[in-house]
Amino acid sequence: MKLFLTVILILAMNSSSFAQEKTEIEGLNHLSEYIGLRASDFSFREDYTEPDSLRLKVITELMKSPLDMIDYTSQFKSAHIIGQPEILSSVLFQDLARADQTVRYYAYDADLSEIQQSYNLHYTSEVLNQLLQQAALYIDVIIPRSTEAMFSRLSASQKNFLIRKFPSLIKIDENEVFLSVNAIDSLDKLEEEYADRFASYAYLINKDPVVDAGIGLLRQLILELRNIESLLKNNSVSISELLNAPSFVPDNFNHEFNLGKQSGWAIGGTDNDYYNGDYKFIIDFGGDDIYDLTYDPENPHPVVIIDFSGDDSYRSKSDFTLGSGCFSVGILIDLAGNDSYRAKSFAMGSGYFGFGILYDREGDDIYEGDTFLQGAGCYGLGLLIDEFGRDIYSAALSSQGFGFVEGIGLLYDVKGNDNYFAGGKYKDILRYDDHYYSFSQGFAIGMRPIFSGGIGGLIDMQGNDTYTTDIFGQGSSYWWSLGMLYDVEGNDIYNSFQYAQGAGTHMTGGILIDDEGNDTYFSKGVSQGCGHDYSCGILLDRGGNDTYTAYDLSQAAGSANGFGIMIDNNGDDRYNIKNPKNSQGYGNPRREFGSIGLFLDLSGDDQYRGNGKNNYYWKTDSKWGGGMDIELYPKKNSTEENK
Amino acid sequence: MNRLSINVINVIVKITLLFLFLFLMNNSISASSYLDKKIDSLFVISSSGELKYRDRVEPAIEALANLGIDAVPRLIDKFTTRSARERLTIINILKKIGSPAVPDLILALSRPEKLVVLRVCRALGDIKDSSAVKPLINVSGHPSWQVREKAVDALGKINDNQADQTVIAALSDSVGQVRKAAVVASGRLKINEAIEKLIHILADNFYGARMSAIEVLTKLDTTRVIRSIADSLNSANGLTGDLSCQVLGKLNHGDAHDLLIKQAASESASRRAQAAVALILSDPLDNCSVRQSIIDKETDRLVLLKINSAIDLVSLISNEQK
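Residue numbers (the working numbering), protein chains in the order written: chain A, 1 to 643; chain B, 1 to 322.
Keep in mind that the hints were calculated from the coordinates and are not lab data.
Among the hints, a few may not be true.
Listed below are the simulated PhoX-like cross-link pairs for lysine-lysine, each with C-alpha atoms no more than 20 Å apart in a straight line [what the hints assert, rightly or not]:
{"#": "1", "chain 1": "A", "residue 1": "LYS189", "chain 2": "B", "residue 2": "LYS38"}
{"#": "2", "chain 1": "A", "residue 1": "LYS427", "chain 2": "A", "residue 2": "LYS524"}
{"#": "3", "chain 1": "B", "residue 1": "LYS128", "chain 2": "B", "residue 2": "LYS95"}
{"#": "4", "chain 1": "B", "residue 1": "LYS157", "chain 2": "B", "residue 2": "LYS219"}
{"#": "5", "chain 1": "A", "residue 1": "LYS344", "chain 2": "A", "residue 2": "LYS165"}
{"#": "6", "chain 1": "B", "residue 1": "LYS37", "chain 2": "A", "residue 2": "LYS189"}
{"#": "7", "chain 1": "B", "residue 1": "LYS52", "chain 2": "A", "residue 2": "LYS425"}
{"#": "8", "chain 1": "B", "residue 1": "LYS190", "chain 2": "B", "residue 2": "LYS250"}
{"#": "9", "chain 1": "A", "residue 1": "LYS427", "chain 2": "B", "residue 2": "LYS52"}
{"#": "10", "chain 1": "B", "residue 1": "LYS78", "chain 2": "A", "residue 2": "LYS189"}
{"#": "11", "chain 1": "A", "residue 1": "LYS524", "chain 2": "A", "residue 2": "LYS581"}
Stretch-level coverage of chain A by chain B, calculated; a stretch enters the list once three of its residues show a Cβ under 8 Å from a Cβ in chain B [as the list claims (entries may be wrong)]:
{"#": "12", "segment": "30 to 39"}
{"#": "13", "segment": "172 to 186"}
{"#": "14", "segment": "425 to 436"}
{"#": "15", "segment": "613 to 626"}
Backbone N, C-alpha and C fix where the C-beta goes; we use that ideal spot for every residue, glycine too.
If we strip away everything but chain A, and leave its shape as in the complex, we get (with noise of 0.2 Å):
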């Protein structure tokens, strides 16, 4: 009866949600049609500029039909699996998939032969032995023969400028500002230079062994972390028996042979420890631990570490560090506890030609660093999962959920009242001189016109969140590339400045998509819904009393043949806008013709300050948009019902 009543209620709430959806796309058909334009209008040509090799396939499908990014955002929803966070990882190395790839390729294939000679089993337990068997063929084997492969037709000079030089593509220097005009010039032909040199021989990377060989690793050990805490949970054993050794070992006893005891390699008991240094592998199983981590991204190698439990201490002294995969694979797995993690750049779930995750299951948890962090990919995937707890995330750039090149960073919230911070540390000296970049929060972005960026996703499931940027955030992209916050449930605080919640610039995808709660968003312009320079921007909100602010060039504006679309489907909703010839429904000419910015609002009682109001259709003086707040399908009241 029980699994009959779920079954119902998933049917159920399954046809309100498709219902929902189908209400959107009828509400956007049907206000096109008002204007004059069609569904097959809302595309994008692939060739305005040359394409670049690098595209990823699901960026070029969806530039063709920018409306599917809705349902792209939306499928998220059911991606992650609680306890599971290789189903999530898995998905994403499926979207990882160039344009123009046409087989996919997998990690070295290598059994358990290959290192049992090579290691004599130190402890006791068997369980914590196959763990530490798995790890270690990852380790030894089957992650450096991967990274082999994806660097094999790599000359030494080349791999040296990913190592050396490349990294100045992502980090901003702070000192920019101080530039003079000749300075700044000449960084920007450097760039140019160091982008033109990585495109003429990227083709040649292939990151699926590497990203698939940590998605294999991390299957492999939240498996043999099920079993031991399922053992440890029925009392079938206890830490100190997992942790049982030989009493009596030599003096003279060379550990490199012995699983768990080589160089590299710790294992932790209850107590409070603290490790400091270059790690390949570490478990802990229980006590505040404190971890001074390091990374020499000139020795590339896998890195593991696994902590039972603890109110834990994460702290970087390098970049690289903390669930960073560099050239390689790096996982960091937190069971329990609140834990601080304070990194530099490239940390917290980045996969920078690789594959990196940190994966938080329970506990409040803080997660603080500069560039490239929570969530950060290039040429592989970046993944931070937070499953459990109140949460602080804070970061100076790229982060929350940043794609570049041919790269998906994704963070996923699941429960908690969470708060994203992103910003305030390097000036956007192109526009102002007090705001700052955030280019994070569902961000992506790509060298423009050199080569097409990645997937930035943000998820956050259930809470009441709070999420700030300044200068590039909140579901949008930049170049070639898709910018995506997905929040599902609570009362959410969206607040940035400009380009951000559903915003697109330079040929390019955008979306922010809220489905419950009572919201409220602001951002000054080129935001809510705005899709600028043939590109598309998205606002979707399904539920909830919201309230929405922006100055400009916000709120379904489509600006240089781009397209913007906001969508309202329920609740008493409240608009603020500044300047409604802009904004509300509005298309800037460009190019000899127009863009489109088409504004919905589609149930209940709404108050406008711009163009809107109750039961109204409007299309702006401008090439070309309009809107509407009316109910395609008006609920029958209680009266007619009975009739």
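Dock chain B against chain A, hints included.
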């Protein structure tokens, strides 16, 4: 003088001439190199986007424009840039130099780089010198659609009727963006001969061409447009009729109103809405006295809502004007 002396003098003269030649060449190279350096230096400033250097941009653009034709070849070479800001800066400077820049730009139309050619087309369109019409007609069949688009667009901007047939031909281009450019150019050149094709384009696959055609048709011979639309209202493609209603509404003409009144009784809800709204916007004071009758006959809730929205809008405009 003996033979040896003559030879010596000969050699000395030749060496002197050679030095003189090298000296002049060097001066000329130095001058050209100095000019290039000056252009490059000014260009870095003129195309700078940073906020704190913005007040230096306009003086640098002016300085480059003041160099006149001497700067043109170097500026054209810079059209290979991949920076949108630099590209726009070059066009801006060339526009300021104006007609003197045209001969070099025309020469550049035969360059092999597609990017350079399409940007040159754009510059020629902005300069609006009719000596560029024939060369632009010649590139209007370029294999790159981006070049064809910019060439047709430039022909429209120059506004010389020598280009009429080229523009009409481009209305049938296989690429929507080129058809759009041809639609816009038809309006600028006021090509009445294109009316029938433009009405056909109201159902174009590319929205840019379709929506631009609505506006262009309102700029052409009203009588001919209304007559041609009357013939096309029952076209199998509903978009032609629906968008024709928008054109008729903008024409604000008695015959157009008559057609709209008929369309307001169409079987298609979409057509009724388009016609009624166009009529209301075209005749805000309801001089035709048909508004109430249309409302009374209308049974579709959403069509009625569109009609009432349009009435609200004209009332609002009327109140604002009072």
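- Message: For a C-alpha distance cap of 20 Å, please report whether B/LYS52 and A/LYS425 respect it.
- Response: Satisfied, since the Cα-Cα distance of roughly 18 Å is no more than 20 Å.
- Message: Please verify whether B/LYS128 and B/LYS95 have alpha carbons no more than 20 Å apart.
- Response: 9 Å, holds
- Task: Verify the proposed pairing of A/LYS189 with B/LYS38, using a straight-line Cα cut of 20 Å.
- Result: At roughly 19 Å apart (the allowed maximum being 20 Å), B/LYS38 and A/LYS189 satisfy the hint.
- Message: So if I understand the rule, the pair passes when the alpha-carbon distance is 20 Å or less; does B/LYS190 with B/LYS250 pass?
- Response: Given that 20 Å is the threshold and the Cα spacing comes to 17 Å, the pair holds.
- Could you grab the alpha-carbon distance between B/LYS37 and A/LYS189 and see if it respects the 20 Å cut-off? Holds: B/LYS37 and A/LYS189 sit about 17 Å apart, inside 20 Å.
- Take the segment 425 to 436 of chain A, compare each residue's beta carbon with every beta carbon of chain B, and decide whether three or more fall closer than 8 Å. holds (count 5)
- Item | Outcome, coverage hint (the segment 172 to 186 of chain A, chain B; C-beta under 8 Å; three residues) | holds (count 4)
- Query: Taking a Cβ-Cβ distance under 8 Å as contact, does the segment 30 to 39 of chain A have three or more residues in contact with chain B?
  - Reply: holds (count 6)
- Task: For the pair supplied as a hint, A/LYS427 and A/LYS524, confirm whether the alpha-carbon distance does not exceed 20 Å.
- Result: 17 Å, holds
- Message: For B/LYS157 and B/LYS219, compute the direct alpha-carbon distance and say whether it is at most 20 Å.
- Response: 15 Å, holds
- Message: Does A/LYS165 sit within 20 Å of A/LYS344, going by the straight-line distance between their CA atoms?
- Response: With a Cα-Cα distance of about 18 Å, the restraint between A/LYS344 and A/LYS165 holds, given a limit of 20 Å.
- Query: Does the alpha-carbon distance linking A/LYS524 and A/LYS581 stay inside the 20 Å limit?
  - Reply: 15 Å, holds
Comparing the model with each earlier hint shows no violations; every hint is respected.
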